[in-house]
Amino acid sequence: MNVLVMVFMLVCAAVIQAVAPSLSALGEARLPLLLSVVMYYGLARDHRLMLGAGILGGILQDALSLMPLGYSSFVYCVAGWVMSRFKDIVFVHETITHMLFGAVGAAGATFLLYLLIAATILREYPLIAAVHMSAGGFVLGALVAPVVFRACKRLDQLMGNVGEKESSWSSVP
Numbered sequence: 055m056n057v058l059v060m061v062f063m064l065v066c067a068a069v070i071q072a073v074a075p076s077l078s079a080l081g082e083a084r085l086p087l088l089l090s091v092v093m094y095y096g097l098a099r100d101h102r103l104m105l106g107a108g109i110l111g112g113i114l115q116d117a118l119s120l121m122p123l124g125y126s127s128f129v130y131c132v133a134g135w136v137m138s139r140f141k142d143i144v145f146v147h148e149t150i151t152h153m154l155f156g157a158v159g160a161a162g163a164t165f166l167l168y169l170l171i172a173a174t175i176l177r178e179y180p181l182i183a184a185v186h187m188s189a190g191g192f193v194l195g196a197l198v199a200p201v202v203f204r205a206c207k208r209l210d211q212l213m214g215n216v217g218e219k220e221s222s223w224s225s226v227p
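The sequence shown: position 78 = 132 (the working numbering), numbered continuously.
Any given hint could turn out to be false.
Said to hold, decoys possible - Pair by pair, the computed Cβ-Cβ distance ranges are:
| id | residue 1 | residue 2 | range |
| --- | --- | --- | --- |
| 1 | L120 | L197 | 35 to 45 Å |
| 2 | R102 | L212 | 30 to 40 Å |
| 3 | L169 | R208 | 31 to 41 Å |
| 4 | A183 | L212 | 35 to 45 Å |
| 5 | L212 | I70 | 24 to 34 Å |
| 6 | V65 | A172 | 27 to 37 Å |
| 7 | L209 | L181 | 22 to 32 Å |
| 8 | L77 | H101 | 12 to 22 Å |
| 9 | V185 | L120 | 35 to 45 Å |
Derived by calculation from the structure, the hints in this document are not laboratory data. Even glycine gets a Cβ: it sits at the ideal position worked out from N, Cα and C.
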């Protein structure tokens, strides 16, 4: 049931992320919904589920964009792994943690993706545009991650993947 819920969350996030418009004021950054699902699994769940979410989320991201297949999977798995390294030393179930990790994760993932693309296929993309898009990702990640974390947690609870006691977040009733 864990895998089925994870796939459902990733597909829903991919559809919303694909149809949501990007803002030029934020460097044309997209809503980091898929990354937020991966970060949820990195912070709140098992590392095997996080790696599965990272690989599948990255494939969905690359399939819906003009990205070479596998680049986003690598970046998402790195971001999820970094998030999972902090789960024992942060307040995993607090909104401020989700905002901070969402902001830093989205900005870092955007910039790492730029570095991968610039090193391999796209040498003409200016660095200032990547920094602008990373800053936009920072803002969007802070806004989107808490919402995605709550939705993922609630769906996991409804499906019986986690119990109320195991995942009682103070910010969610």
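Cross-check of the supplied hints:
| no. | hint | in the structure |
| --- | --- | --- |
| 1 | L120 <-> L197: 35 to 45 Å | violated, 25 Å |
| 2 | R102 <-> L212: 30 to 40 Å | violated, 22 Å |
| 3 | L169 <-> R208: 31 to 41 Å | holds, 35 Å |
| 4 | A183 <-> L212: 35 to 45 Å | holds, 41 Å |
| 5 | L212 <-> I70: 24 to 34 Å | violated, 19 Å |
| 6 | V65 <-> A172: 27 to 37 Å | holds, 30 Å |
| 7 | L209 <-> L181: 22 to 32 Å | violated, 39 Å |
| 8 | L77 <-> H101: 12 to 22 Å | violated, 34 Å |
| 9 | V185 <-> L120: 35 to 45 Å | violated, 21 Å |
Hints 1, 2, 5, 7, 8 and 9 from the list above are not met by this structure, while the remaining hints are.
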